[in-house]
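Spelled out, the chains give:
Protein chains: 2
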Amino acid sequence: MKINIIGTGNVASHLMKAFDGKAKTVQINSHTLEGLDPSADVTIISVTDRAIRDVASRLPEMKGIVAHTSGSVGMDALEGEAGINNYGVFYPLQTFSKNVSLQYDKIPFFIEGESDITTTKLLNLASLISDTVNVADSSKRKAIHVASVFACNFANFLWNCADTVLKENQLPFEILRPLLIETIRKTEEISPFDAQTGPARRNDTGVIESHLQMLSNRQELATIYELLSSSIRSHYHN
Amino acid sequence: MKINIIGTGNVASHLMKAFDGKAKTVQINSHTLEGLDPSADVTIISVTDRAIRDVASRLPEMKGIVAHTSGSVGMDALEGEAGINNYGVFYPLQTFSKNVSLQYDKIPFFIEGESDITTTKLLNLASLISDTVNVADSSKRKAIHVASVFACNFANFLWNCADTVLKENQLPFEILRPLLIETIRKTEEISPFDAQTGPARRNDTGVIESHLQMLSNRQELATIYELLSSSIRSHYHN
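Protein chains in written order, with this note's numbering: chain A, 1 to 238; chain B, 1001 to 1238.
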């Protein structure tokens, strides 16, 4: 199995590591495409969403499958390009950071192919590195991506907000860790809807007011606090 | 050691369990105060924030320490009551749900006392059940509470939002679990500020627009998506 991985960002670099010892991989600069093997079994385009079509349009005639790794770009972004015969999507649902190592076999992959044969080949490819491999069309994959933005990117940003409040009071982020771990663990037992706690869940307007007052010198945090509190209250107290 | 625990909510009930076998505890209904022992070493008032003063005002002459468990109510809520001599705060930083079991020794406690003797006694009491016991005055404790609302209550609500998006697409919340676990784990290696990923972090307006379009039939989710994305963008791209 020979794979071109086009891209030098976090996802491309982690895919290189994930396939290490499991397939013959070459990492390719998306600007020059130098070293690209047109006879590779699979070519993975792992670049920013808006660069995918451009890279696809510059490919020579490719013998194998060409797939991108984006959660939000449809499979059709690879359709109709002169160099591309078989194409699909190879989407890993994970947060990738530079210099942060990962257990690749725990990453769910969502696969789509232009034909059943392509889908099967991409599923097999993902199975080389992951225990959880699924088929998902472009619309399902987009929903998964939106959900992951809420669940991961936005949740992380709220931890950043919490860190800001703590830092102003000379407190380390680490004091929140048992709470964070329990907050996640709880959703294994009950749904996030049932797991909701806090002043807004209890409709405790006194606490909400006093928190907003504390945040009055931090308008951005106050705005987020207010919107999420009112959203929670309307979910549970209407 | 004899303890009155006043309240029948989640925190009170979990404190009863936590002290099981470590102190002689009685759980007291906050309305009747029936069974309250005025000679107990400590009386813990674990009721909603706005009920604390009312309960405090109805106590008979208490021999021991009276403490509340609130993150947001100042210690002074217990000051000047006829029945109260020594008082303080006994604040566990955790999310408590009915029927969800907890590892009590991992819960950080934040303690405040009206005198050094009271503080020491409450620290010792917390040490009976927890490995992490700290002193924090009312202003620090309030900051911790605000931070925990962002980090826990609001993050959980975002998981509920993610669950809503997934459910509409017949996808289970469980597919997000490896991502959630990694998102938290990453903050052990790098700060939440450095751990931020996603379309807003990359200033990828194309993806943000396409996500907002997908959420156009869910105005509430779209509003949250828009505010948090613009907040992230202004943090990283100004």
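Source of the hints: derived by calculation from the structure; they are not laboratory data. One thing to keep in mind: the hints can contain errors.
[What the hints assert, rightly or not] A few chain A residues facing chain B, derived, Cβ under 8 Å: (1) D49; (2) A51; (3) R53; (4) D54; (5) S57; (6) R58; (7) T183; (8) F193; (9) N203; (10) G206; (11) S210; (12) L228.
On a predicted model such as this, the values are computed, not experimentally measured, just so you know. From the three backbone atoms N, C-alpha and C, an ideal C-beta is built for every residue, glycine too.
So, going through the hints one by one against the coordinates:
no. : hint : result
1   : D49  : holds (6 Å)
2   : A51  : violated (11 Å)
3   : R53  : violated (11 Å)
4   : D54  : violated (13 Å)
5   : S57  : violated (17 Å)
6   : R58  : violated (19 Å)
7   : T183 : holds (5 Å)
8   : F193 : holds (5 Å)
9   : N203 : violated (10 Å)
10  : G206 : holds (5 Å)
11  : S210 : holds (6 Å)
12  : L228 : holds (5 Å)
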